[in-house]
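Input sequences plus hints: build the corresponding full structure.
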Amino acid sequence: MTTTPIRLQPPPVEPAPVVSVSAASHNAKMLEPAELSVELSGVNAFYGSRRVVRDISLPVRSNAITAIIGPSGCGKSTLLRCINRMHELTPGAHVEGRIEYHGIDLYAPDIDPVAVRRTIGMVFQQPNPFPTMSIHDNVAAPARFNGLIAGKAAEHDLVERCLRQAALWDEVKDKLKAGGTSLSGGQQQRLCIARALALEPDVLLMDEPCSALDPIATLQVENLMVELKRDYTIIIVTHNMQQASRVSDQTAFLTMGDDRAGYLVEMADTVEIFTNPRQQLTEDYVSGRFG
Amino acid sequence: MSSSALAVSDRLRATSRARHAKDRALMVLAWAALVVAVVPLVAIAWFLVEQGVRSISLEFFTSDPPGDLSASGGGIRNAVVGTLLMTGLATLIAVPAGIALAVFAREIGGRVAGSVRFVVDVLAGLPSIVVGIFVYSLVVVTTGHFSGLAGAVALAVIELPVIVVASDELLRLTDRRIDEGTRALGMLRWRSFLSVFIPTALSGIITGVLLAVSRAIGETAPLIFTALGNNFFTLDMNEPVQAMPLLIYRNALNSAFPAARDRAMGTALVLVVIVLAFNLMGRWIARRARPADQR
Ligand SMILES: Nc1ncnc2c1ncn2[C@@H]1O[C@H](COP(=O)(O)OP(=O)(O)OP(=O)(O)O)[C@@H](O)[C@H]1O
Ligand SMILES: [Mg+2]
Numbered sequence: 001m002t003t004t005p006i007r008l009q010p011p012p013v014e015p016a017p018v019v020s021v022s023a024a025s026h027n028a029k030m031l032e033p034a035e036l037s038v039e040l041s042g043v044n045a046f047y048g049s050r051r052v053v054r055d056i057s058l059p060v061r062s063n064a065i066t067a068i069i070g071p072s073g074c075g076k077s078t079l080l081r082c083i084n085r086m087h088e089l090t091p092g093a094h095v096e097g098r099i100e101y102h103g104i105d106l107y108a109p110d111i112d113p114v115a116v117r118r119t120i121g122m123v124f125q126q127p128n129p130f131p132t133m134s135i136h137d138n139v140a141a142p143a144r145f146n147g148l149i150a151g152k153a154a155e156h157d158l159v160e161r162c163l164r165q166a167a168l169w170d171e172v173k174d175k176l177k178a179g180g181t182s183l184s185g186g187q188q189q190r191l192c193i194a195r196a197l198a199l200e201p202d203v204l205l206m207d208e209p210c211s212a213l214d215p216i217a218t219l220q221v222e223n224l225m226v227e228l229k230r231d232y233t234i235i236i237v238t239h240n241m242q243q244a245s246r247v248s249d250q251t252a253f254l255t256m257g258d259d260r261a262g263y264l265v266e267m268a269d270t271v272e273i274f275t276n277p278r279q280q281l282t283e284d285y286v287s288g289r290f291g
Numbered sequence: 001m002s003s004s005a006l007a008v009s010d011r012l013r014a015t016s017r018a019r020h021a022k023d024r025a026l027m028v029l030a031w032a033a034l035v036v037a038v039v040p041l042v043a044i045a046w047f048l049v050e051q052g053v054r055s056i057s058l059e060f061f062t063s064d065p066p067g068d069l070s071a072s073g074g075g076i077r078n079a080v081v082g083t084l085l086m087t088g089l090a091t092l093i094a095v096p097a098g099i100a101l102a103v104f105a106r107e108i109g110g111r112v113a114g115s116v117r118f119v120v121d122v123l124a125g126l127p128s129i130v131v132g133i134f135v136y137s138l139v140v141v142t143t144g145h146f147s148g149l150a151g152a153v154a155l156a157v158i159e160l161p162v163i164v165v166a167s168d169e170l171l172r173l174t175d176r177r178i179d180e181g182t183r184a185l186g187m188l189r190w191r192s193f194l195s196v197f198i199p200t201a202l203s204g205i206i207t208g209v210l211l212a213v214s215r216a217i218g219e220t221a222p223l224i225f226t227a228l229g230n231n232f233f234t235l236d237m238n239e240p241v242q243a244m245p246l247l248i249y250r251n252a253l254n255s256a257f258p259a260a261r262d263r264a265m266g267t268a269l270v271l272v273v274i275v276l277a278f279n280l281m282g283r284w285i286a287r288r289a290r291p292a293d294q295r
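Protein chains in written order, with this note's numbering: chain A, 1 to 291; chain B, 1 to 295.
Among these hints, one or two may not hold up.
20 angstroms max Cα-Cα, derived SDA-like pairs, lysine to any residue [as the list claims (entries may be wrong)]:
(1) A/Lys152 <-> B/Ser195
(2) A/Lys177 <-> B/Ser195
(3) B/Lys22 <-> B/Ala32
(4) A/Lys177 <-> B/Leu123
Quick look at which bits of chain B chain A covers, simulated, 3 or more residues with Cβ under 8 angstroms [what the hints assert, rightly or not]:
(5) 172–180
(6) 183–189
(7) 194–207
Read the hints as simulated data drawn from the structure, not as lab findings. Only a predicted model underlies this, so the values are computations on that prediction, with no experimental measurement involved. C-beta atoms are modelled at their ideal positions from N, C-alpha and C, and glycine is treated no differently.
Now the structure itself:
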């Protein structure tokens with residue numbers, strides 16, 4: 001039997017008693033404490049039979065930046081991809097445990113993964129603008145395809161608004177027709193952020209968004225994130241400790257266990273993690289004493 | 001100068017001499033290969049022009065051949081139009097089918113895709129006369145008569161594997177990161193292919209299509225018992241239709257008659273020019289389809 005997929009609604013801005021879940025309101029629930037956006041409980045992720053993420057529980061605060069740090073290969077990207085249901089696109093990969101978005105189980109059978117990805121946007125490590133599309137179309141096309149806008153004027157407004165939000169407008173406003181890949185790496189990354197914003201997501205997942213950027217572009221993207229958290233919930237994976245401490249409000253530290261699966265060592269406010277961690281492992285990692 | 005410096009300079013000199021000799025030998029070889037490749041090409045081109053050009057006139061394109069092959073005069077209008085119609089129709093059939101097959105193979109993956117690719121490879125290797133027999137029994141026998149439609153179907157079968165292989169290669173090259181980008185943006189699969197992957201691969205796909213067209217345009221065997229040939233002009237694809245290769249074949253068989261021989265040569269020249277034109281057009285379109293910054 002096929003179930004009608006629900007469109008996930010971004011939550012209302014002000015304290016919301018319940019999540020509005022359009023037609024299928026039988027699924028509506030009382031909201032968790034208003035400030036939690038995404039909540040992972042006991043999440044395990046597998047590639048085939050190999051477990052790469054073990055039993056991770058993370059409460060992600062709304063309108064805040066949550067940083068995920070940890071050594072290479074500990075499953076940070078995998079965890080991030082579980083949240084917007086990208087993980088399951090890898091052949092043989094699957095997820096166990098519970099991931100809730102404002103109290104809605106994102107893996108419930110009546111949830112449409114495509115709707116999840118529209119609500120929970122993603123920015124990748126390598127900028128990936130669509131090569132045959134202009135700057136304008138890179139931003140407008142996905143929104144158009146998703147039926148969010150119609151008409152030239154609406155598109156134009158959207159493109160300008162998103163490019164401004166992504167702090168790219170001034171640099172490209174005179175060449176919106178140029179190819180998306182004709183921009184510099186940093187500009188391309190901000191274009192990809194603008195493209196993600198055009199879908200009006202509620203949560204933004206960013207997987208090492210600055211690792212291909214120079215320090216100036218990195219700073220621009222960091223400032224941008226701080227700007228964006230007024231309207232969005234941001235989860236960022238980063239290898240850059242300064243970046244995590246500069247921009248994030250809360251930090252989760254993952255590492256690999258003996259079975260080479262990543263687990264959560266500690267999660268707390270960023271200040272706590274960097275100045276007063278409860279775990280020795282965390283202290284060693286953030287102060288650069290490891291291995 | 002110290003002795004070690006001398007040794008070094010000696011060694012340098014010896015090496016460079018040996019290298020230069022090798023270098024020169026390679027250059028000579030490369031030039032020889034070029035000559036071997038170019039001479040026959042130029043010879044064929046020259047032969048065609050020299051033999052064919054005297055048949056070319058306005059009448060050659062505006063009138064149909066005389067009923068009697070050995071009579072001089074007349075033209076090849078019916079064959080040119082027939083070839084263009086049948087090849088065009090074949091391309092209309094083969095392009096969507098070919099791209100759809102490639103998309104299907106890429107999207108489904110696994111064993112099904114493997115068998116699709118295998119079947120396409122077999123199809124590509126089929127002698128074209130076999131394609132002719134196949135379409136004969138499929139279309140001509142079923143409909144009860146030879147027709148331009150049957151010819152077009154046969155040519156589509158010739159084109160199909162070329163288009164599938166080109167599209168498959170190119171879609172495979174689509175960057176995984178771009179693929180993930182479309183998924184993360186909640187784009188549906190058909191939309192990703194239509195708006196991102198196929199446009200990205202487009203210049204290559206067009207090149208593949210033109211390759212397929214120029215192959216089909218010169219095919220004779222699949223047309224012999226499908227389109228059959230027709231001495232008269234027709235636009236009706238339900239009737240037998242003439243094609244340039246068929247006309248060349250029939251006239252060249254009778255080249256004891258100077259008129260037939262000239263007609264065959266003239267048609268061959270026109271055929272080659274048309275194929276060349278398709279080729280150049282394809283390159284031009286391919287260049288225009290590339291993203292702005294790579295042009
Ligand atoms: N497509 C895949 N198939 C199989 N195993 C994979 C796949 N992608 C990642 N892995 C494995 O899963 C584990 C976690 O990988 P992941 O990319 O999530 O780590 P990460 O913490 O993001 O590392 P990095 O900091 O280097 O980006 C690694 O051991 C990796 O080898
Ligand atoms: Mg990673």
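Each hint, compared with the structure:
1. A/Lys152 <-> B/Ser195: With a Cα-Cα distance of about 18 angstroms, the restraint between A/Lys152 and B/Ser195 holds, given a limit of 20 angstroms.
2. A/Lys177 <-> B/Ser195: Holds, at roughly 17 angstroms.
3. B/Lys22 <-> B/Ala32: Roughly 15 angstroms separates the two Cα atoms, so the pair holds.
4. A/Lys177 <-> B/Leu123: Given pair A/Lys177, B/Leu123 is violated - Cα atoms ~43 angstroms apart, limit 20 angstroms.
5. 172–180: It holds, with 4 qualifying residues against the three required.
6. 183–189: holds (count 6)
7. 194–207: holds (count 5)
Hint 4 from the list above is the single one not met by this structure.
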